[in-house]
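Those protein sequences? They're chains A and B, same order as listed. Just so you know, we're using this note's numbering here: the first sequence kicks off at 1 and counts up by one. Just so you know, we're using this note's numbering here: the second sequence kicks off at 1 and counts up by one.
It is worth saying that the hints were derived from the structure and are not from the lab. Hints are not guaranteed to be accurate.
One copy or any two copies: either way a pair holds, since identical chains are not told apart in the list.
Derived DSSO-like pairs: lysine-lysine, alpha-carbon spacing no greater than 30 angstroms straight-line [unchecked claim]:
#: 1; residue 1: K24; residue 2: K47
#: 2; residue 1: K181; residue 2: K57
#: 3; residue 1: K24; residue 2: K57
#: 4; residue 1: K57; residue 2: K47
#: 5; residue 1: K47; residue 2: K181
2 protein chains.
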Amino acid sequence: MTTQAGPQRGGRGARQRIIDAAVKLFYQEGINATGVERLAAEASVSKRTLYQHFPSKTAVVEEYLRHIQRTVGDPAHPSATARRSPRSRILASFETPPAAGLMRGCPFHNAAVEAADGMPEVHEIVEAHKRTYIEAMTDLARHAGAANPRLVGHQLALLFEGAAAMSTSLNEPAPWTYARKAAQTLLDDAVSRRSA
Amino acid sequence: MTTQAGPQRGGRGARQRIIDAAVKLFYQEGINATGVERLAAEASVSKRTLYQHFPSKTAVVEEYLRHIQRTVGDPAHPSATARRSPRSRILASFETPPAAGLMRGCPFHNAAVEAADGMPEVHEIVEAHKRTYIEAMTDLARHAGAANPRLVGHQLALLFEGAAAMSTSLNEPAPWTYARKAAQTLLDDAVSRRSA
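If we strip away everything but chain A, and leave its shape as in the complex, we get (with noise of 0.2 angstroms):
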């Protein structure tokens, strides 16, 4: 925190500062555990501000999600890997993310978790992201010549899912290169049973 950043900046800026605070606390400590006064103080923003911005805490962590997905892109069209081939691309998605802390996983999985019967538009958000994943990963399985795309676009996506949730569990990136292999594993196969 700087001592530019006080409460009395408001405007565009403190709504910034209010996302930006809820991308690190949300995703470090977790939604349920950050109360809207701390992430009103990590922002430099008073709750009032706070509630100016959003009409609710709920309000917040639907727009910190929507801002992830704005910052990751469309996971079918990654400007980094556009040029490389279809199986390079999937295999992209499995790189060992680098440490940094705590392992916390998919930002989208964990916040279905945190939501549980509670925060619905949360859950909506959530499963359209995870749908346009499965699509993206669908589409790229069929462009390497899987024999059963839609198949292995949702066992790729679960191969991530499972990837992210085991290290978080276990609090270690090793799930990422075993997720990597079995995706390896399960494209060949898919690959081999269309050119058999």
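Position chain B relative to chain A; hints supplied.
Just chain B, lined up with the frame of chain A:
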């Protein structure tokens, strides 16, 4: 809640009712979303009685997970599937769980998500549970004739974690079917490599 189960009841019954309430509320509604007052009310005990049995809410969370661990039993030696082949016992892990409201996945993983950077003892219980499961899958993969049982064991555990997590994210049971088919493919591939 029956009329017999009033706050005046104490002793062993109260402790069990607190665990039963935790199994219901922590799993369905979430750990952080369930306050001590709600837990005590569900268990028909006073907060004072709850704190007589457990020094803290975290202690209830730990006992909740240990209780599930005892109930689930050793995944390497499940009594119901003990006479089946290693392959059948592996695939039995991916049977679609019965529909019962919101899909909530694995209580151990969910506890890791909710614990975030707090509750270190909870993280230890979750990690130990997952490592036991990975070992069990590795043993079964070895008995099933996999060429690299350690790799396959990790991958099977990853598929289980992925099915549980994705079913939570999508709130539907379909991921279990995709995971089961992926487990078959990975296992067949590993066995064929050994035979080759």
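What are the numbers of the hints the structure violates, in ascending order?
Violated: hints 2, 5.
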